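Protein chains in written order, with my numbering: chain E, 1 to 145; chain P, 1 to 314.
Among these hints, one or two may not hold up.
What the hints assert, rightly or not - If you only want the chain E side, here are some residues facing chain P, beta carbon under 8 Å, derived:
#1 Leu13
#2 Ser46
#3 Val131
#4 Pro134
Unchecked claim - Over 10 Å on every C-beta distance to chain P, these chain E residues come out as not near it, computed from the model:
#5 Gly22
#6 Glu23
#7 Pro50
#8 Glu54
#9 Gln67
#10 Asn76
#11 Ala84
#12 Ser85
#13 Cys86
#14 Val91
#15 Asn127
#16 Ser138
Since the hints were derived computationally from the structure, they do not count as laboratory data. Predicted, not measured: the structure shown is a model, and the values here were computed from it. Built from N, CA and C at the ideal position, the CB exists for glycine as well.
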Amino acid sequence: MAEGADNETTPRLRLDREKVRGEFGKRLDSLSEQHILACYQCGNCSSGCPLAEEMDLLPSTVMHLVQLGQSEAVLNSRSIWVCASCLQCTVRCPKGIDIQKVMDVLRQMALAEGIDHFGPDQVDPRNAAEVPQPGLVSAYRKLST
Amino acid sequence: MTRVAYYPGCALKERSAHLERPALGAAEKLGFELDELDSWTCCGAVPPPSEERIMNLVAPIRILKDVRDTGDEVLVTICDFCYNSLKRANHRVSTSDLDRKRVNAFLRENQPKRDYLPSTEEDYRDYLGEVQVMHLLEYLRDVVGFEEIAQSRSTELSGLRLAPYYGCVMLRPEDEIGLDSVENPTIIEDFLVALGAETVAYPYRTVCCGSYLSVSFPESSARLCSNIISSAAEKGADAIVVSCPLCFYNLDSRQKMISELYPGTKSIPILYFTQVLGMAMDLDISDLGFDKHYVDPEPVVEKALGSLKGGGSR
Chain E
1 MAEGADNETT PRLRLDREKV RGEFGKRLDS LSEQHILACY QCGNCSSGCP
51 LAEEMDLLPS TVMHLVQLGQ SEAVLNSRSI WVCASCLQCT VRCPKGIDIQ
101 KVMDVLRQMA LAEGIDHFGP DQVDPRNAAE VPQPGLVSAY RKLST
Chain P
1 MTRVAYYPGC ALKERSAHLE RPALGAAEKL GFELDELDSW TCCGAVPPPS
51 EERIMNLVAP IRILKDVRDT GDEVLVTICD FCYNSLKRAN HRVSTSDLDR
101 KRVNAFLREN QPKRDYLPST EEDYRDYLGE VQVMHLLEYL RDVVGFEEIA
151 QSRSTELSGL RLAPYYGCVM LRPEDEIGLD SVENPTIIED FLVALGAETV
201 AYPYRTVCCG SYLSVSFPES SARLCSNIIS SAAEKGADAI VVSCPLCFYN
251 LDSRQKMISE LYPGTKSIPI LYFTQVLGMA MDLDISDLGF DKHYVDPEPV
301 VEKALGSLKG GGSR
């Protein structure tokens, strides 16, 4: 590894007990009805995710960061909006974690913090005139307040 | 004629009318009637994002409660999104005491007042998940039977090489949907074989087409669909067969963008499974809605009808 290269691109994580065992993880667990700490980082979710290559954080990285209470990093990531809710990660998780649900909750948390990602004004009108309604309804429900 | 309660959903009444229309005609020829609910609303398309968004269950549960109240035990739907949304909401109220109480408490207090609906304020009965939600493919497999379809089809679609595409919400999550294996499903293959067609094996049949990203990140959907289309075309498919309105749109209309972003991607017609059924049941071609396609399905249709002229007719 080139000297210092990693430090420039990857910001160091500051871990402290308050953050790691803080409200964020508990709220995420309760809203998603999942047990985030059950994830043992096998990477199955990331390897099966058809959109992983467009994400800034791999699904397994998102899981790791939420285990460490890093709310800011995940709520401001591109990954949570790139996820298409296809449930591939969910059905392949050997620990039975509904990872798609975790993504849903993260979107909901980000939207509640005012990070409104998407609105009708951002849809190409030609596209909106053609896309079947389930596409429009789910995009608005998943990606906007 | 057997009748079964039928929930169409919004897409099938307009943008994806060519998914519904052949289904209605083919059902009649197979001896059952898809009896559309007297009144219905949007199903919500997606399940609630979290445990606290209980309101997202109200629309699907109201629909299912109305079905139960009219005395039906089975509700058939064709759209994969409606199927997923209704079935998961049903699962939710069947398995969560708290959610069942909350949704029913809301529905009891807030029943829509419409002059064409009987007032049921006094005799509200809690909805407990009694209705069985079935996909039309599931109904054809488990109630009508693929063997019966193979017996009663008018045309054998021999020579047609079709690539089934499952997408995501029709099968997943496995424990709530349970229609077929999530890793190695066969329901569309079995259906097509019953119609006399040949199926094409390719690795992308359960990989997501981008779903609603078609609205927010169309380029992402185009990339995923170009993989699916190239793979199916490489294996020699004449067409890809889908059952979801959004899969259809992403794979069909998106081919314009795909040809610009990924030049060299072969163009391939996309068919709804109901259109394939319609061809096998000899429905009028003008009823199959082929004019709503971006990629002209004529070569496939001609091949199918050619097999009819070629003596495939029973």
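Hints and how they fare:
1. Leu13: Hint violated; leucine 13 of chain E Cβ to chain P Cβ min 26 Å, cut 8 Å.
2. Ser46: 15 Å, violated
3. Val131: This hint holds: valine 131 of chain E lies near chain P, its Cβ roughly 6 Å from the closest one there, short of 8 Å.
4. Pro134: 4 Å, holds
5. Gly22: Label holds. Min Cβ-Cβ 19 Å, cutoff 10 Å.
6. Glu23: Answer for glutamate 23 of chain E: holds, closest chain P Cβ roughly 15 Å.
7. Pro50: 5 Å, violated
8. Glu54: Violated: least Cβ distance 6 Å, not greater than 10 Å.
9. Gln67: Holds: least Cβ distance 19 Å, greater than 10 Å.
10. Asn76: 17 Å, holds
11. Ala84: 4 Å, violated
12. Ser85: 7 Å, violated
13. Cys86: 3 Å, violated
14. Val91: Non-interface label fails for valine 91 of chain E: nearest chain P Cβ at 5 Å, not farther than 10 Å.
15. Asn127: Answer for asparagine 127 of chain E: violated, closest chain P Cβ roughly 7 Å.
16. Ser138: It is violated; serine 138 of chain E is separated from chain P by about 4 Å at its closest Cβ, not greater than 10 Å.
Violated hints for the displayed structure, listed by number in ascending order: 1, 2, 7, 8, 11, 12, 13, 14, 15, 16.
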